[in-house]
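Number of protein chains: 2
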Amino acid sequence: MITSKNIHINLWINKDYHHMKSHITLTYEPLNLDYYVSQASDPSCGAISVFIGTTRDNFDGKRVVRLEYEAYAPMAERKINKIIEEASKLWPLHSAIVAHRLGHVPTTEASIIIVCSSSHRTESLMAVSYIIDHLKAEVPIWKKEIYEDSGAWKANKEWRHPMDIQNRTLAQNIENLESEYKDREKVDDIGPSLNR
Amino acid sequence: MITSKNIHINLWINKDYHHMKSHITLTYEPLNLDYYVSQASDPSCGAISVFIGTTRDNFDGKRVVRLEYEAYAPMAERKINKIIEEASKLWPLHSAIVAHRLGHVPTTEASIIIVCSSSHRTESLMAVSYIIDHLKAEVPIWKKEIYEDSGAWKANKEWRHPMDIQNRTLAQNIENLESEYKDREKVDDIGPSLNR
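Going line by line, the protein sequences match chains U and F.
The opening position of the first sequence corresponds to residue 921 in our numbering, with each subsequent residue numbered one higher.
The opening position of the second sequence corresponds to residue 921 in our numbering, with each subsequent residue numbered one higher.
Hints may contain errors.
The list treats identical chains as interchangeable, and a pair is accepted whether it falls inside one copy or across any two copies.
[Unchecked claim] No farther apart than 30 Å at their CA atoms in a straight line, the calculated lysine-lysine pairs in the DSS-like style are these: (1) K982 <-> K941; (2) K982 <-> K1009; (3) K941 <-> K1056.
Simulated from the structure, these hints should not be mistaken for laboratory data.
Here chain U stands alone, though its shape is the one from the complex:
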C-alpha cells in the first residue's frame, strides 16, 4: 500500500526523447519558477513557454478556504512521462519540465509549473497546452478543497477517473487504481512503478 506519507516526492527523470531533456518533479515544497525556466533554457532555443496553475480562492462560485493536492505518485509519474513522450513526438522540443506541488497550496501559489523550450515558438506553446490538458484529464493527482459554506473536503473531479472518487480516502482510491490497472493493463506497460 502506498500512501501520501511514503511516496517519493522528488523525482528527477532525464530521458532522451529525440534528444529532448525531460524532468518530472512531485514535491511538497513551493515550486521555483526561475529554476525550472533556467533548466529549459538553451542557446539553441528561441522560445520558452510556461503554464503556471495557481490556487484560486473560489471554485464553482464557492469560496475556497483551503486546497490540497494528493497524488498516486508512481502512476502519476508514469502518466506524465507518457504525455511528455507524446508531446515530443508531435513537436520538436528541447526540454519539457513538469513540476507538481502536493499537500497544502496557499492561494495564488503555484500547484503546477509546465515549461517547454524549443527553437521556434509554436512548438513550445502547443506542447505546454497539450501537456496541461492531458495531465488534467489523465494523471491521478487529486485536488481537495474545503469550501466556506460546507466545511467539508471535496475532491475535485477534473481528473476524469472512471470511478467515483468523491468521499473516498486516498488509500481507497489507490487501492482501487492498483486493482483496476492490474486487471486492465499488461505488466510491461506499467513497468516497475507499481512494484516500488
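Once you have looked at the hints, place chain F on chain U.
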C-alpha cells in the same frame, strides 16, 4: 525625428479593458520574469501563461555573434496596446503584460516576456499565443543580428513590414513609417504617440 536614443524606454500602462490589468514595458534592462508573473497573479486566477522569447545562437543555419533590438517606441506601444485589447475581447483575462527588451540581448536571455492570467487555463494560453503572433507580425521592433560568417548587421524580417527594411538604418525606417502612417491612417487613430 525619434531615434533609439530618445525614446522613452519604460512605459507602464494601466488600462481597464473589461476590468483587465495591462502593462507594457520597453526597456534596455534585463527582463525580470518573477516580477511580471507576480504582477499577473491574483486570488481569482487559476492560470498564468507565459511566453519567453530568448536569444538563440543561430538563425537560418548561421551562427549569431550578437543580437540587438530596436523599436519605434510610440508606435510599438500603440500596436501592442491594440493587440492586448483584441485579446481581451476574445478571452476574459485578468492581466496581460508585455515586456520587450531593447538593445543588446545576450544569448539565452529574454528579449520578450508575455504574461497573461485568467480564471481558467484556456483563456490565458490562447491569449499568450495570440499576442506573440500578432506582436511579431505587426509591431515595429527590429531584430538585428551579426552572423559569424558575414560580420555585418542584418535586420530580421520577421516583422512583415510592407517596405524593405533590409540595409536601412533605424532612422530611415522610422522616417518611412511616419510618412506612411501619416498618409494612411486618420490622426485620431494614431493618437498622441507620433506627437511626443
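Verification of the hints:
In the homo-oligomer, the alpha carbons of K982 and K941 lie at most 30 Å apart only across protomers (24 Å), although the nearest pairing inside one protomer, at 40 Å, exceeds that limit. In this assembly of identical chains, K982 and K1009 lie within 30 Å of each other by CA distance solely across copies; the values are 26 Å between and 40 Å within a copy. Taking identical chains as interchangeable, the C-alpha atoms of K941 and K1056 lie at most 30 Å apart whether they share a chain (22 Å) or sit on different chains (28 Å).
Every hint, counting from the list given before, is met by this structure.
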